[in-house]
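Single-letter residue listing:
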Amino acid sequence: MATTTATITLSSSDLLTDNLSLSATMNLYKHGTTATGLDELNYHRALIPTGTNFTLIQESAALNTNGSNYVYIINKNTDVTDYVVISIRSEVIGRLYAGDWMFVPYSDATTATTGVDDPSGDDSDIEIQANTHDCIIEYAMFHDGETLLTASDS
Amino acid sequence: MATTTATITLSSSDIADNALSISNTATLYTAGTDTGITETTGLARKKFANASEFILLDQGLAAGVVADVTADKSAKVYIKNMNDRGDGTKYVAVLINSIEIGRLYGGDWMFFPWGAASGKDVDIDASDATETTLEYCVFYE
Chain L
5 MATTTATITL
15 SSSDLLTDNL
25 SLSATMNLYK
35 HGTTATGLDE
45 LNYHRALIPT
55 GTNFTLIQES
65 AALNTNGSNY
75 VYIINKNTDV
85 TDYVVISIRS
95 EVIGRLYAGD
105 WMFVPYSDAT
115 TATTGVDDPS
125 GDDSDIEIQA
135 NTHDCIIEYA
145 MFHDGETLLT
155 ASDS
Chain F
17 MATTTATITL
27 SSSDIADNAL
37 SISNTATLYT
47 AGTDTGITET
57 TGLARKKFAN
67 ASEFILLDQG
77 LAAGVVADVT
87 ADKSAKVYIK
97 NMNDRGDGTK
107 YVAVLINSIE
117 IGRLYGGDWM
127 FFPWGAASGK
137 DVDIDASDAT
147 ETTLEYCVFY
157 E
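Protein chains in written order, with this note's numbering: chain L, 5 to 158; chain F, 17 to 157.
Treat the hints as calculated values from the structure; they're not laboratory data. Please read all numbers here as calculations on a predicted model, not as lab measurements. Note that beta-carbon positions come from the ideal geometry of N, C-alpha and C, so glycine has one too. Keep in mind that the hints are not guaranteed to be accurate.
[Said to hold, decoys possible] Some chain F residues close to chain L (C-beta under 7 Å, calculated; not the full set):
hint	residue
1	Asn40
2	Leu77
3	Lys96
4	Ile115
5	Arg119
6	Met126
7	Phe127
[Unchecked claim] Quick look at which bits of chain L chain F covers, simulated, 3 or more residues with Cβ under 8 Å:
hint	segment
8	54-61
9	149-156
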């Protein structure tokens with residue numbers, strides 16, 4: 005097992021009358037364990053061309069079965085008007101503007117119909133669409149196993 | 017305007033051959049500008065003990081705490097499950113318009129942009145009726 009931690013710090017000296025200072029740290033554990041860390045990782049950097057909605061993270065039966073996965077995405081652009089729309093199963097979560105990041109658990113839990121791009125029938129891909137300009141993004145998924153697809157020429 | 021920042025640090029010394037260390041800070045701006053977000057629900061704390069899906073953030077509810085959060089803006093949501101991890105099987109699922117994003121086990125947190133289009137509430141669905149405490153906060157324009 006591995007030990008991976010995720011820490012968030014939210015702070016502001018002028019949003020409220022008093023200082024805002026919030027910090028939380030979590031360990032990334034496997035489902036059904038008290039302290040067994042996730043030990044698989046994908047880490048990518050990609051250029052997302054503007055105007056098309058792409059599958060960023062492909063759902064799979066293993067992700068669905070394990071249920072305890074975590075996804076981090078950051079928009080690395082610097083023009084404040086540039087943004088990407090993040091969706092899950094075509095349900096918009098929200099926009100990441102330049103410099104914005106998100107960190108969410110990902111359970112790939114919604115049941116739908118099996119298809120060519122939906123081998124397990126879960127269809128809870130995480131999708132991304134760049135707007136205004138192409139966007140450079142970095143994203144990571146910490147997980148407990150993905151379903152590997154058999155090569156079509158094997 | 018206000019200056020509010022959100023910093024994430026992801027670190028591990030043994031998930032890969034080399035150490036993993038990711039750290040980034042986002043300043044929370046209004047949509048498409050470099051003007052800081054000026055509104056927040058403040059940090060809220062909620063206890064519940066049921067296994068039925070319920071609305072945590074009710075998009076469009078008149079006079080609700082997030083009544084001013086609307087689509088095409090740049091709201092951000094923070095949610096933390098304050099419970100202990102226990103045996104690692106209990107969690108709260110977080111959903112957008114009843115589509116599950118993922119599961120927060122005891123001690124887990126999440127931070128995400130919220131599109132908040134019409135009807136796109138943020139819902140909670142616990143794995144069982146164990147009393148659970150959540151803390152949450154929304155930053156919005």
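Now the hints, each set against the structure:
no.: 1; hint: Asn40; verdict: holds, 5 Å
no.: 2; hint: Leu77; verdict: violated, 18 Å
no.: 3; hint: Lys96; verdict: holds, 6 Å
no.: 4; hint: Ile115; verdict: holds, 4 Å
no.: 5; hint: Arg119; verdict: holds, 5 Å
no.: 6; hint: Met126; verdict: holds, 5 Å
no.: 7; hint: Phe127; verdict: holds, 5 Å
no.: 8; hint: 54-61; verdict: violated (count 0)
no.: 9; hint: 149-156; verdict: violated (count 0)
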